[in-house]
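Could you put the whole structure together from the sequences, leaning on the hints where they help?
Just so we're aligned, residue 1 is where the sequence shown starts under the numbering used here, counting upward by one.
Only pairs whose alpha carbons sit at most 25 angstroms apart, straight line, appear in this in silico SDA-like list of lysine to any residue:
id	residue 1	residue 2
1	K276	K286
2	K6	N174
3	K286	E138
4	K220	G84
5	K294	P135
6	K117	S233
7	K50	Q29
8	K204	E313
9	K279	I134
10	K9	I41
11	K229	R30
12	K109	P243
13	K276	I86
14	K263	P135
15	K204	E214
16	K165	T64
17	K62	R158
18	K306	Y318
19	K286	E140
20	K62	V83
21	K117	Y4
22	K109	V83
23	K69	K165
24	K9	Q170
25	K263	I275
26	K8	L56
27	K220	T149
28	K109	R158
29	K8	S40
30	K279	N182
31	K8	K229
32	K91	T149
33	K9	N118
34	K241	K294
35	K71	M166
For each label pair, taking beta carbons as the anchor points, the in silico distance ranges come out as:
id	residue 1	residue 2	range
36	P48	M166	33 to 41 angstroms
37	T139	T208	38 to 46 angstroms
38	E193	K286	21 to 29 angstroms
39	Q309	K241	21 to 29 angstroms
40	Q29	N131	37 to 45 angstroms
Keep in mind that the hints were calculated from the coordinates and are not lab data. Backbone N, C-alpha and C fix where the C-beta goes; we use that ideal spot for every residue, glycine too.
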Amino acid sequence: MSNYWKDKKVLVTGGGGFIGSHLCEELVQRGAKVISGDLSIGHLKESPLKNKIKFLKINFFKNTQCLQKIKNFDIVMHLAAKVGGIGYNLKYMSDIYIDNLLILSNIVKAISTNKIKNVLLVSSACVYPRNSIIPTPETEGFKDIPEETNEGYGWAKRALEIAGKMLRRQYGTNVAIVRPYNAYGPRDKFDLEQAHVIPALINKVFNTKTGEIEVLGSGKQTRSFLYVKDAVSGMLLSMEKYPVADAVNLGSDEEITIEDLVKMIIKLSGRDVKIKYNKNAPEGYKRRCADITKAKEKLDFKNMWKLEQGLKETIKYYKTNILK
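Below, the structure is given as structure tokens:
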């Protein structure tokens with residue numbers, strides 16, 4: 001394991017969130033001095049390492065707070081964002097775009113003003129247009145407009161990547177940029193309005209009153225999914241090995257149809273549930289699968305978690321912590 005993180009003072013924005021809380025834990029394990037910047041402690045209250053993670057309350061919508069509090073860190077890892085599932089992203093497209101731009105602007109201004117030299121910016125596979133090559137290499141990122149069900153979020157994440165490039169060019173900042181693909185795992189959002197596909201399906205399977213669940217779209221659309229611990233590993237590697245403001249996909253080459261995914265979740269849940277496909281509902285990309293060649297070459301990135309293994313852990317978490 002790399003000594004890069006030992007005794008580094010690291011701020012994780014959105015450290016109380018889904019991926020952020022796992023990142024904070026792994027940083028502690030690697031010897032970093034970890035500060036979670038967020039509005040609340042969030043999921044860190046569940047962490048066995050919570051006493052080793054400091055909490056810094058920051059409202060990222062407030063420019064003055066960001067300037068005052070985002071200072072004297074060796075590294076800032078920016079994960080704080082506003083996003084939801086397909087329905088939420090369509091309904092609140094403008095809010096998602098504007099709010100994420102405001103968060104980005106305030107954080108990047110604090111980073112440049114306070115001369116922070118090492119930064120991770122977490123982008124998203126939502127930057128990619130609908131007609132991208134599959135598996136999708138990083139070069140497809142800005143070729144057309146983002147897919148419409150994620151358009152507000154996709155444009156905001158493109159702006160984040162551009163901000164990272166400008167930081168490096170003007171200030172010489174070491175900037176790592178990653179594009180995670182469909183991250184999932186324990187501590188994800190399971191409420192149906194904001195949940196992504198895996199937590200939404202788990203919620204539906206365990207809470208159906210009729211023995212049947214509705215799945216958006218035909219079920220023939222495909223996805224690849226990234227377990228949260230693999231996402232964290234890729235983020236750390238990108239900061240260590242490739243902080244050159246050049247985006248890198250983090251994902252899995254294990255592609256699966258939504259139909260097969262639903263069947264796997266039902267099987268692992270031990271429930272007897274029938275599936276109804278709503279073919280009139282928006283289903284997003286027909287295929288979404290990362291080309292992770294660059295991550296393997298530049299970061300020595302490896303997927304350690306197979307989908308079935310990760311789903312077991314996610315379902316276990318849901319049953320223990322969420323299911324009433």
